[in-house]
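Got chain Z sorted already, so can you dock chain R onto it with the hints?
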Amino acid sequence: MKFRERLFPFRLSWQTRPAVVAEYLQSKKNIVRSNCEKLDPRQVVAGAVQLEVKLFSDVREYLDEMHRFTALAAGEGVQLLVFPELNSLQLLGLIPGISKLAQQAGTEDTAELPVTELFRLVGPVFGRIVRQTFSWLAQAYGLYIMAGSFLVPDGGRVVNRALLFDAGGRLAGFQDKVHLTVQEKKWGLTSGDSLAVFPTPLGVLAAPVCMDATYFETFRLLERQGAEIVMVPIANPEQYNFWLALRGIWPRVQESTVYGLKSALVGDFLGWKLTGRAGIFAPLELTQNKDGVLAETVSAVGEGFVTATLDLVALRQLKDNHPYLGDINPGLEQKYFPAIYSGAVPFALSADDCSLARTSFSG
Amino acid sequence: MQATTLSFAESSFCSPAEYQVWLEARLPAGSPEMGALLVLPAYLALLAAWRFGDLGNPVSFEEAISLSAGLPDRWHENWLELHRVLARRLKAWLVPGTAFVVEQGRLFHTCSLFSPDGDLLGSQRQLFLTREERKLGLSRGCELRVWETPFGRLGIIVGTDAWYPEAGRILALQGAEIICCPGALPKGESRWRQISGIWAQVQQNQFFAVESQLVADIAGQEFAAESLVHAPCEMTEGCTGIVARGGLYGSALSATLDREARRKVITSYPLLRLLRPGAYSVITESGGAASEIP
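So the sequence lines, in the order shown, correspond to chains Z and R.
Heads up, the first sequence stops at 1224 in this note's numbering, and the numbers go up one at a time, no gaps.
Heads up, the second sequence stops at 276 in this note's numbering, and the numbers go up one at a time, no gaps.
No lab work stands behind these hints: they were computed from the structure.
Hints may be right or wrong, so weigh each one.
[What the hints assert, rightly or not] Simulated coverage check for chain R against chain Z, where a stretch passes if three residues somewhere in it have a Cβ under 8 Å from a Cβ of chain Z: (1) 106 to 117; (2) 122 to 131; (3) 135 to 149; (4) 221 to 228; (5) 253 to 261.
Since this is a predicted model, take the numbers as computed values, not measurements.
Every residue gets a Cβ at the ideal spot worked out from N, C-alpha and C, and that includes glycine.
The shape of chain Z in the complex, shown without the other chains (with noise of 0.2 Å):
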């Protein structure tokens, strides 16, 4: 490693010391809001950004662009509000040459990039950007706020980690992504082993980060530990389709009985083009014209921000009442879970036997 590359770190922390941070958030002004002072399970506000994603060459462009985001989600009432997947992406334009780099982009493998040791150098100095960021404006505008999920260094291995900050600027925990894409893996990203729900005045929450909610898995898990409300962070490097986009979040609402905010990181970047729209969904019946879209923003690129008011109350009335969903059959998971997932059940079994009766779902 060059002398200029060791020295990185240390002038990319001077840069972004928290002293300068604290200093430019606090010179906002006008911010006296308590969104969650009272709170009502009926009327629960909440609130999804689309943000489009740009290199920032000074921290004070990415506190700005955070804060205006929230100034904007507090100014409408919102309790809750969810940031997209790789909310530090942006800070990468810290790094001298990056803008060179983003010009190079697409001509060069993306898959080859050193993507695991560049945030195991910045992932530091990132996360305590984030957290004081964010930690600053949950307290300073009284709201609850998913951060998003950011590439952080955690020992040896760089993991992708949402981040949820309540109203008093306290972690209130934070989820790393279970299911990574095969971009992820070649990238060495490390998956989490497990999936949290955070009990809040707000309701349960929890926070799976974007390729966990293709899997029915996750929101199974998650629906059964309690959540209520399901957020994930999105950055998704295709194409913008309906139907793709169909795949993960609102299916898993509807097959979990839950309510499900999306928050999209759209743009282009280092040659990615990513595309989405931030949602608030909720169950068919939840929903005015039966369709589980209680908001959704028009355009999958572009930033946008939507916000709707979730019934908890109708939200448990309908779990204890589904017509179709909320059955359990113990004896059909006793006898292919956990054991399908490593080929363990035979391919021709004997007859049904419902004798049995354990309701864990993993075995």
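Same frame as chain Z, but now just chain R:
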């Protein structure tokens, strides 16, 4: 491979003989070497028993189900025999809809499978029950079978199981490539209800599915929904995940399923290989400790 469904819209048969004639006039014969796949909708035996006058005069759909549970074994044997003959005559792999069958004193919602030789290969019971089905005293099956066919391993998802993704996952992990789905949605149900069922199961398991929906009235209960043939989004026009749709007006719905195209989709996007079963067995109350975040 050719897959066909028939919704029974505009049907008016009133006897087994009329039923057979009506059916044969609308269903294509399979190729001698492979056979076609024919999937008929849910509640077909109930519809037939009601139309034949074998249920008396039930005043509601629920009563029709209860009465069908009292049909003698001979009735079900005749029903199966009728389809055994039909499968052989059409050289088809035949899924003849569903029936309510009493076995060992318990009532199951069940679907059979016949080979082109007319052999009864087995049956699949419904695994999960709606609130109404629980009230009616139905029992749950506890097994999901797959059958080897010339066009890949075949599984069946019966009725309500369409909305339980456990069913599709178990079948997919047993290597199922084609899923037959006899269904019956009440008239007026949201189309999104249908998308949230089999369509969602297809997309997260990357198999084909032949969803055959009933369009008919049974004892005052109207059923009407499109039949759909599903495939992974990437191999369908406009990425809709729908290969063919129709059946609301009585004619058969057919579609060709391209196994090679499906294989290519899976090769480039191997969803099942990215499952993380290690994470499914660990259920923590509150996740990681916030104070330890790096």
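For which of the previously enumerated hints does the structure constitute a violation, in increasing order of number?
-> Every hint satisfied by this model.
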